[in-house]
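In the working numbering, the protein residues as written are 106 to 454.
Just so you know, these hints were derived from the structure itself, not from any lab. Just so it is clear, CB atoms sit at the ideal spot from N, CA and C, and this is done for glycine as well. Heads up, a few of these hints could be off.
No farther apart than 27 Å at their CA atoms in a straight line, the calculated lysine-lysine pairs in the DSSO-like style are these [to be verified]:
{"hint": "1", "residue 1": "Lys304", "residue 2": "Lys368"}
{"hint": "2", "residue 1": "Lys368", "residue 2": "Lys420"}
{"hint": "3", "residue 1": "Lys195", "residue 2": "Lys420"}
{"hint": "4", "residue 1": "Lys297", "residue 2": "Lys368"}
{"hint": "5", "residue 1": "Lys368", "residue 2": "Lys303"}
{"hint": "6", "residue 1": "Lys111", "residue 2": "Lys303"}
{"hint": "7", "residue 1": "Lys195", "residue 2": "Lys368"}
Cβ pair distances, simulated, as ranges [what the hints assert, rightly or not]:
{"hint": "8", "residue 1": "Ile421", "residue 2": "Phe127", "range": "34 to 42 Å"}
{"hint": "9", "residue 1": "Gly419", "residue 2": "Thr118", "range": "31 to 39 Å"}
{"hint": "10", "residue 1": "Trp168", "residue 2": "Ala245", "range": "43 to 51 Å"}
{"hint": "11", "residue 1": "His126", "residue 2": "Thr321", "range": "16 to 24 Å"}
{"hint": "12", "residue 1": "Pro387", "residue 2": "Thr118", "range": "33 to 41 Å"}
{"hint": "13", "residue 1": "Arg169", "residue 2": "Gly419", "range": "26 to 34 Å"}
{"hint": "14", "residue 1": "Val436", "residue 2": "Phe127", "range": "48 to 56 Å"}
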Amino acid sequence: MEDWQKILHRSITAIPDLQMHFGGDMHGLDQVAAVYPLRINPYYLDLIRHAGDPLWKQAVPDWRELADEVCPADPLDEQRLSPVPLIVHKYPDRVLFLVSNQCAMFCRFCTRKRLVGTPAMRITDELIDRGIDYIRNHPAIREVLVSGGDPLLLSDERIDAILTALRAIPSVEVIRIGSRVPCTLPMRVTDKLVHLLKKHHPLYINTHFNHPAEITPESEEACRRLADAGIPLGSQTVLLRGVNDDLQTIRTLMRALLRIRVKPYYLFQADLTRGTNHFRTPVRAGLEIMRGLYGHLSGLAVPTFALDAPGGRGKIPLTPEYVLEYGDNLVFSNYCGEICTYPESGDPC
Numbered sequence: 106m107e108d109w110q111k112i113l114h115r116s117i118t119a120i121p122d123l124q125m126h127f128g129g130d131m132h133g134l135d136q137v138a139a140v141y142p143l144r145i146n147p148y149y150l151d152l153i154r155h156a157g158d159p160l161w162k163q164a165v166p167d168w169r170e171l172a173d174e175v176c177p178a179d180p181l182d183e184q185r186l187s188p189v190p191l192i193v194h195k196y197p198d199r200v201l202f203l204v205s206n207q208c209a210m211f212c213r214f215c216t217r218k219r220l221v222g223t224p225a226m227r228i229t230d231e232l233i234d235r236g237i238d239y240i241r242n243h244p245a246i247r248e249v250l251v252s253g254g255d256p257l258l259l260s261d262e263r264i265d266a267i268l269t270a271l272r273a274i275p276s277v278e279v280i281r282i283g284s285r286v287p288c289t290l291p292m293r294v295t296d297k298l299v300h301l302l303k304k305h306h307p308l309y310i311n312t313h314f315n316h317p318a319e320i321t322p323e324s325e326e327a328c329r330r331l332a333d334a335g336i337p338l339g340s341q342t343v344l345l346r347g348v349n350d351d352l353q354t355i356r357t358l359m360r361a362l363l364r365i366r367v368k369p370y371y372l373f374q375a376d377l378t379r380g381t382n383h384f385r386t387p388v389r390a391g392l393e394i395m396r397g398l399y400g401h402l403s404g405l406a407v408p409t410f411a412l413d414a415p416g417g418r419g420k421i422p423l424t425p426e427y428v429l430e431y432g433d434n435l436v437f438s439n440y441c442g443e444i445c446t447y448p449e450s451g452d453p454c
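Could you put the whole structure together from the sequences, leaning on the hints where they help?
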């Protein structure tokens with residue numbers, strides 16, 4: 106298998122190279138890529154079947170990114186919630202620790218697209234040390250989500266050093282890694298990487314698959330290696346217009362994720378990130394999809410549909426309404442639409 110770093114080095118990062126590969130009219134897309142960088146590595150590029158398919162839409166710049174006048178640049182208010190560089194402290198007992206500004210592919214819907222792959226996201230050893238000091242000095246922090254960019258694009262040695270420093274903090278009980286590498290560059294998940302990760306349990310990885318076409322023999326093997334090392338895997342799927350905003354696609358994806366030992370964790374309503382408005386779907390579309398999952402899939406395969414509230418107010422679970430009436434009896438509908446009742450506590454059966 107070709108070395109993952111060599112594969113990454115051969116990524117498409119300029120519109121003329123993309124046009125040579127696909128052809129077609131890409132006039133003006135260089136202006137988009139100048140603001141929001143382009144990177145498609147050869148592995149993911151080979152998964153794209155034709156211009157406009159669901160994987161193309163996730164990877165290839167779109168003129169609508171620059172035409173978006175609806176969404177703010179930092180919808181989750183991460184800058185305000187950053188007490189020191191690289192740390193986002195939104196919840197009392199956990200923090201987000203941004204340790205990388207690179208990804209194996211620059212997703213066009215990325216929440217941090219204003220930063221990732223640009224000089225605006227500056228990461229140094231000194232800043233990482235400051236972040237670790239912050240976590241050490243705030244013992245209420247029990248859980249650290251290591252993200253970026255993609256932390257698994259760091260060298261094995263750097264990953265090990267960061268995880269070792271975090272694990273040495275007595276108050277840190279759980280470490281999570283957010284990485285799309287198992288999906289977008291699965292050959293990065295080497296035996297050496299897995300060996301060093303398993304030293305730092307309890308360790309969890311939240312990865313990110315959006316479409317069944319992203320589940321390949323290579324991505325399945327990457328997930329198998331991680332799962333065999335005792336690392337629980339979850340997927341944070343984003344609901345994207347024209348990519349996966351239909352029931353059959355999501356059903357197929359959720360089943361496939363379970364098969365490769367990845368627990369569907371979240372189905373996210375797309376964030377209000379500048380340059381991504383064309384991906385957003387109505388919330389009711391997600392609720393209807395969820396209605397088509399409950400009862401039709403194993404509970405293990407059903408994610409939580411959630412919206413990350415603007416202004417850094419946290420994740421809000423969204424569920425279809427099944428309760429029709431409260432009173433002496435609870436009246437509700439089931440997944441088939443049948444009307445059911447349940448006597449409230451204390452009432453005779």
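Okay, the hints, checked on the actual structure:
Between the alpha carbons of lysine 304 and lysine 368 the distance comes to roughly 22 Å, so the proposed pair stays at or under 27 Å and holds. The hinted pair formed by lysine 368 and lysine 420 meets the criterion: a straight-line CA distance of about 19 Å does not exceed 27 Å. Under the criterion of a C-alpha separation no larger than 27 Å, the hint pairing lysine 195 with lysine 420 is consistent with the structure, at around 10 Å. This hinted pair checks out: lysine 297 and lysine 368 have alpha carbons roughly 24 Å apart, not beyond 27 Å.
A distance of roughly 19 Å separates the Cα atoms of lysine 368 and lysine 303; the hinted pair therefore holds under the 27 Å criterion. Taking the CA atoms of lysine 111 and lysine 303, the gap is near 25 Å; set against the 27 Å cutoff, the hint holds. For a cut-off of 27 Å, the pair hint linking lysine 195 to lysine 368 stands: about 24 Å separates their Cα positions. With their beta carbons about 39 Å apart, isoleucine 421 and phenylalanine 127 fall inside the hinted range of 34 to 42 Å.
Under the hint 31 to 39 Å, the C-beta atoms of glycine 419 and threonine 118, about 35 Å apart, fit the expected range. Roughly 45 Å separates the CB atoms of tryptophan 168 and alanine 245, a value that falls within the hinted 43 to 51 Å. The supplied range of 16 to 24 Å is met by histidine 126 and threonine 321, whose beta-carbon atoms lie about 19 Å from each other. At roughly 34 Å, the beta carbons of proline 387 and threonine 118 sit within the given window of 33 to 41 Å.
In this structure, arginine 169 and glycine 419 meet the distance hint of 26 to 34 Å, their C-beta atoms being roughly 28 Å apart. For valine 436 and phenylalanine 127, the Cβ-Cβ distance of about 55 Å falls inside the hinted range of 48 to 56 Å, so the restraint holds.
In summary, this structure violates none of the numbered hints.
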